[in-house]
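Please construct the entire structure, taking both the sequences and the accompanying hints into account.
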Amino acid sequence: MLTPEDRAAIHGLLADYGHVVDDHDWDRAHEVFAEDFVFDRGATGRPDLHGIADIVANFKGRNMYAHVTTNTTLVENPDGTVTGHSKFLGFPNEGQPVTGDYHDEIVRTPDGWRLRRRRAEIRARKFFD
Amino acid sequence: MLTPEDRAAIHGLLADYGHVVDDHDWDRAHEVFAEDFVFDRGATGRPDLHGIADIVANFKGRNMYAHVTTNTTLVENPDGTVTGHSKFLGFPNEGQPVTGDYHDEIVRTPDGWRLRRRRAEIRARKFFD
Amino acid sequence: MLTPEDRAAIHGLLADYGHVVDDHDWDRAHEVFAEDFVFDRGATGRPDLHGIADIVANFKGRNMYAHVTTNTTLVENPDGTVTGHSKFLGFPNEGQPVTGDYHDEIVRTPDGWRLRRRRAEIRARKFFD
Numbered sequence: 001m002l003t004p005e006d007r008a009a010i011h012g013l014l015a016d017y018g019h020v021v022d023d024h025d026w027d028r029a030h031e032v033f034a035e036d037f038v039f040d041r042g043a044t045g046r047p048d049l050h051g052i053a054d055i056v057a058n059f060k061g062r063n064m065y066a067h068v069t070t071n072t073t074l075v076e077n078p079d080g081t082v083t084g085h086s087k088f089l090g091f092p093n094e095g096q097p098v099t100g101d102y103h104d105e106i107v108r109t110p111d112g113w114r115l116r117r118r119r120a121e122i123r124a125r126k127f128f129d
Numbered sequence: 001m002l003t004p005e006d007r008a009a010i011h012g013l014l015a016d017y018g019h020v021v022d023d024h025d026w027d028r029a030h031e032v033f034a035e036d037f038v039f040d041r042g043a044t045g046r047p048d049l050h051g052i053a054d055i056v057a058n059f060k061g062r063n064m065y066a067h068v069t070t071n072t073t074l075v076e077n078p079d080g081t082v083t084g085h086s087k088f089l090g091f092p093n094e095g096q097p098v099t100g101d102y103h104d105e106i107v108r109t110p111d112g113w114r115l116r117r118r119r120a121e122i123r124a125r126k127f128f129d
Numbered sequence: 001m002l003t004p005e006d007r008a009a010i011h012g013l014l015a016d017y018g019h020v021v022d023d024h025d026w027d028r029a030h031e032v033f034a035e036d037f038v039f040d041r042g043a044t045g046r047p048d049l050h051g052i053a054d055i056v057a058n059f060k061g062r063n064m065y066a067h068v069t070t071n072t073t074l075v076e077n078p079d080g081t082v083t084g085h086s087k088f089l090g091f092p093n094e095g096q097p098v099t100g101d102y103h104d105e106i107v108r109t110p111d112g113w114r115l116r117r118r119r120a121e122i123r124a125r126k127f128f129d
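Chains as they are written, first to last, in my numbering: chain D, 1 to 129; chain P, 1 to 129; chain Z, 1 to 129.
Treat the hints loosely; a few may be bogus.
Since copy identity is lost for identical chains, a pair holds within one copy or between any two.
[What the hints assert, rightly or not] Below, simulated SDA-like cross-link-like pairs (lysine to any residue); rule was C-alpha separation at most 25 Å, straight line:
no., residue 1, residue 2
1, K60, T73
2, K60, H19
3, K60, R125
4, K60, E121
5, K60, P97
6, K60, I122
7, K60, R108
8, K60, R123
9, K60, V82
10, K60, A43
11, K60, H103
The set of hints was computed from the structure by calculation and includes no laboratory data. Owing to the predicted nature of the structure, the values given are computational and were not obtained by experimental measurement.
Listed below in C-alpha cells is the structure:
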C-alpha cells in the first residue's frame with residue numbers, strides 16, 4: 001500500500017526527471033534513475049538506452065529542451081513495483097510543443113523511489129481518426 | 001475532511017480523464033464519469049452532454065487529440081461533494097495548443113470518486129485586456 | 001516534516017497562483033502571496049516586484065494570459081520554510097507557449113502557506129547547445 005509519503009516521493013521523482021535532464025544536472029541523475037534503468041524507445045524504432053551513461057549521452061544531443069510531466073496515475077503491483085502513466089509535454093528547439101505518454105516502472109530502492117524503465121510515446125495528431 | 005487517500009484518488013481521476021478520452025479507452029469510462037455525468041458546454045454555446053454515451057460520441061469526432069490537466073485545487077463542500085478547479089491544455093489537430101479551465105463537481109460513489117459535472121472554458125488570448 | 005496536509009496545501013497554493021493572476025482575482029491575492037512577497041525578476045534584467053500592489057500593477061499589463069505550474073518538488077529547510085522548484089508554461093498573447101522554471105520560497109503563516117519569493121526564469125531554446 002503506497003503511503004502518502006511514497007506518493008509524494010514518486011511525484012517528486014517524476015518532477016525531478018524533467019529538472020535533471022533539462023538542467024543537465026547529471027550529478028543528480030542517480031536520484032532519478034535506477035542503476036539498471038532502461039529507456040524503452042521501441043515506439044520510435046530507435047534502440048533502447050541502458051543506464052545513466054546512455055541517458056547522459058543521449059540528452060546532450062537532444063532536440064527537446066524541456067520535459068514537463070502531468071496527468072500521473074500510479075498503480076502498485078503485487079511485487080511492490082509501481083506502474084506509472086503520465087502525459088508529457090516536450091518543447092523542441094524547432095516547432096510547436098508536442099505531447100505524449102510516459103509508461104513507467106518505478107521501484108523502491110534503499111535510497112528511495114527510482115525510475116527503472118520508461119517508455120515514451122509521442123502522441124500523433126489525428127491519432128484516432 | 002478529505003484524507004490523503006481521497007486526494008490521491010481525485011488527482012488520479014482527473015489524470016485518468018485525459019488518458020481515457022485521449023486513448024479512446026471507453027471500457028474504462030465508468031471509472032471516470034458518474035452515471036449522471038454532465039459536460040456543461042454552455043460557455044461555447046453548444047448543448048450539454050449527458051452520460052457516457054454522449055461523451056463517447058462527442059470525443060470520437062473531436063478536434064483535440066490530447067487533454068492535459070494541471071493546477072488543480074479541491075474544495076470540499078458541506079454535502080460531501082468536491083469542487084475542483086483545474087487548468088487544461090488542449091492539443092488541437094490544427095494550430096497551437098490552447099489552455100482553459102475545468103470547473104468540476106466530483107462525487108464519492110460506492111466505486112470511488114467520479115466526475116459528475118465538468119464545465120470547460122477555453123481561455124481566450126487577451127482575455128482581460 | 002511536511003505532513004500530507006501541508007503538501008496538499010502547498011500544491012493548492014501553487015495552483016492558485018495561476019488561477020488568481022490569470023483570472024485577475026485580486027481579492028484572493030492575499031491567499032497566495034505573503035505580505036512581504038518578492039517577485040525576483042533578476043533573470044530578465046527587470047526590477048523586482050514587492051508586495052501585492054506591485055503584482056497587481058504588473059499583471060494588469062502582462063503579455064502572458066495563462067500560467068500553468070507543473071513538475072513541483074518541495075524541500076523543507078531547517079528554518080521551516082520550503083524551497084519549491086516547478087516548471088511553468090506561459091501562454092503569451094503572441095506566439096507559441098513558453099516554458100521555464102519557478103524557484104520559490106514558501107512560508108507557513110498564521111493563515112496558511114504563502115509564497116514569499118518567486119524567481120521566474122524562461123528556458124531558452126537550445127539553452128545547453
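Results of checking the hints against the structure:
no. : hint       : result
1   : K60 x T73  : between (29 Å within a copy, 23 Å between copies)
2   : K60 x H19  : within (14 Å within a copy, 30 Å between copies)
3   : K60 x R125 : between (27 Å within a copy, 14 Å between copies)
4   : K60 x E121 : both (20 Å within a copy, 21 Å between copies)
5   : K60 x P97  : both (19 Å within a copy, 24 Å between copies)
6   : K60 x I122 : both (20 Å within a copy, 20 Å between copies)
7   : K60 x R108 : neither (28 Å within a copy, 39 Å between copies)
8   : K60 x R123 : both (23 Å within a copy, 16 Å between copies)
9   : K60 x V82  : neither (29 Å within a copy, 31 Å between copies)
10  : K60 x A43  : both (21 Å within a copy, 24 Å between copies)
11  : K60 x H103 : both (23 Å within a copy, 24 Å between copies)
Hint check: violations occur at hints 7 and 9; the rest are consistent with the structure.
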